[in-house]
Structures are given as C-alpha cells and as structure tokens.
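Q: Residue numbers (this note's numbering), protein chains in the order written: chain A, 657 to 884; chain B, 142 to 220.
Bear in mind the hints are in silico, worked out from the structure with no lab data behind them.
Backbone N, C-alpha and C fix where the C-beta goes; we use that ideal spot for every residue, glycine too.
There may be inaccurate statements among the hints.
One side only, chain B facing chain A, incomplete, derived with CB under 7 Å [as the list claims (entries may be wrong)]:
no.	residue
1	P157
2	A161
3	N209
4	V211
5	V212
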Amino acid sequence: MKAVVVLFPGSNREGDAVRALEMATGKKPQIIWHAETELPAGTDLVLLPGGFSYGDYLRCGAIAGRAAIMDAVRAHAARGGLVLGICNGFQILCEGGLLPGVLMRNRDLRFICKMQNLRVERADTAFTRAYSKGQVIKVAIAHGEGNYEADEETIKRLEGDGRVAFRYCDESGLVNDATNPNGSTNGIAGIYSQKMNVLGMMPHPENLIDPLVGGIDGAGLFKSLIAA
Amino acid sequence: MKARVTVTLKNGVLDPQGKAIEGALKSFGIEGVDSVRQGKVFDIELSTQDRAQAETLLKAACEKLLANTVVENYRVEIV
Chain A
657 MKAVVVLFPG SNREGDAVRA LEMATGKKPQ IIWHAETELP AGTDLVLLPG GFSYGDYLRC
717 GAIAGRAAIM DAVRAHAARG GLVLGICNGF QILCEGGLLP GVLMRNRDLR FICKMQNLRV
777 ERADTAFTRA YSKGQVIKVA IAHGEGNYEA DEETIKRLEG DGRVAFRYCD ESGLVNDATN
837 PNGSTNGIAG IYSQKMNVLG MMPHPENLID PLVGGIDGAG LFKSLIAA
Chain B
142 MKARVTVTLK NGVLDPQGKA IEGALKSFGI EGVDSVRQGK VFDIELSTQD RAQAETLLKA
202 ACEKLLANTV VENYRVEIV
C-alpha cells in the first residue's frame, strides 16, 4: 500500500493522517504539495487531510478542489485508485467534483467539536472491511460546515446504490434527528463514489487510533485499507 | 471594464446564516422584515473592453469557481 497525503495551504490534520497510515502500513506515507501536477508512481491511496485549506475562503474546499494536483487525483480515481477525504478533504472532494453534493454550514451555525457515534453502513468496501455492517464506532468530529446536502435525486441515487458510508447515530446505532449533530440529510456522515473507491467523510477516524486518546475505533478504517 | 457578480443560494436551500440575520433584525425591532437570504458580491475589474468577451469570461469564472451551482445561483452585471 503506497499512500500519499496531499498538503494544501491551511491543511492542519496531515500529521494525524500520516501517523494513522504509518501505524497501519508500517511505512511513512509521502506528503506532496498541492501545486504538483502528478502523483508519485505507484500511488495506491491519496488522502486529503482535514484543516482549513485556503482559510475556507469563498467556500470550504472550493479553491483546493481546483488545485493543480486535483487533476491527477481525479485521474487516479477514474483509474479505480483509492481516495480518502477527511473533513476538509471531504469538502474538497465535493467541490472538486469527485463526490456529489455539498457541505453546508451546520444547522445551528456552531462549530462542533466532540466525540460522535457513527454507524458503519456497509463493511464490503476497501475502507470498511475491518468493521462489520451496522457496527457503531465512536470517533471525533470537528467542523463548522458538515451539513451534507444534495438535490433530492442525488440523495435518492446515493441511498439506492448503497453509497452512504457512515451515518451519525447514538451508541445503539439509532439514526434520527436527535443523533444528527449538524443537520445532514438522512444523517449522512460520509459517502462513496459510484465505484466505491472514493470516500469522503466529515468525522476523524485518524484521531482515534491510540488508546492514549480514549479509543481506537478509527483504526479499523486504516486496517481495512492495507487489506485493500 | 468593471463587473459585479452576485452569488445567492438557490430557492429551497436552507440558509441558516440568513435565518440568524433575519432573527437579529427582528430582535432589533426593525419591523416589516419577512425573510433574509444571504449571498456574496464580487466586484471584478476586467482588462477587456469587449462586452461579449467579458460576459463569456465571467460566466466561466462563475461556473468554475465563484458559484457552487449545486446550491447557488449567480448573476453577472457589467457596470
């Protein structure tokens, strides 16, 4: 598994992403700058980390989504290569046209930073095979714009094709308005591309890989990836 | 040549910021506000003097970056 982490001006979770990938793969992933036009030869996984690329100017992820490296990331995804966007990385994937929909301001306008239960919607993808279907995992969320919205037809297609990766839930796996922190349609916390090789998610699995910080529920995602 | 691009949320897209501003206006006692929708304005200076060319490039700018057409509409005025 050769993993690459893309760094944009204003990214700030790349250190956590590198640590999680290194723990899972035993190899330090390469960090590449957004102005590059090519991915390193043999790249299997591209990770777009969290943060505030370009200071969230214009719209979250809008400028980064059109950065030079994104053409190479789009081509990598079109070839079936794996792409994971976490938090701001998810916003970048939506703005960059790799995933449908948009992340709007949280319903209550507040930046939310807390632990959150997620329900794993399917366990047969490159990102989730170390989990089981319906499993509830506890990871961190930290975002001001995580409210996933798309037009009705897109939501229908995502739901119909099983492209919802994770939903916000309570500890028993219940998904409803009270367990939804940010107002996302159908409690969506992450979605897959049509070919299931691109995953965008608002929560931070890369922060929950070490018992020292109170949980390791995020480690499964990175373990899944090395099996891919 | 100067242009102004206005980007607004499409009808039906929830606008919590607009709602908050609307609530604030009402709480300040400003009567008669039915609703507020928030948007963005871009004042752009262009090197071209050709109107048609300006319109084409502004449309490209809006489609490519200034507006997210999933949730936003844009309007271009050449002033």
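Q: Indicate, hint by hint, whether the structure satisfies it.
A: Each hint, compared with the structure:
1. P157: It holds, given that the least Cβ distance between P157 of chain B and chain A is near 5 Å, below 7 Å.
2. A161: Because about 6 Å separates A161 of chain B from the closest Cβ in chain A, which is inside the 7 Å limit, the hint holds.
3. N209: holds (6 Å)
4. V211: Result: holds, 5 Å to nearest chain A Cβ.
5. V212: holds (5 Å)
The structure fails none of the hints (numbered hints given earlier).
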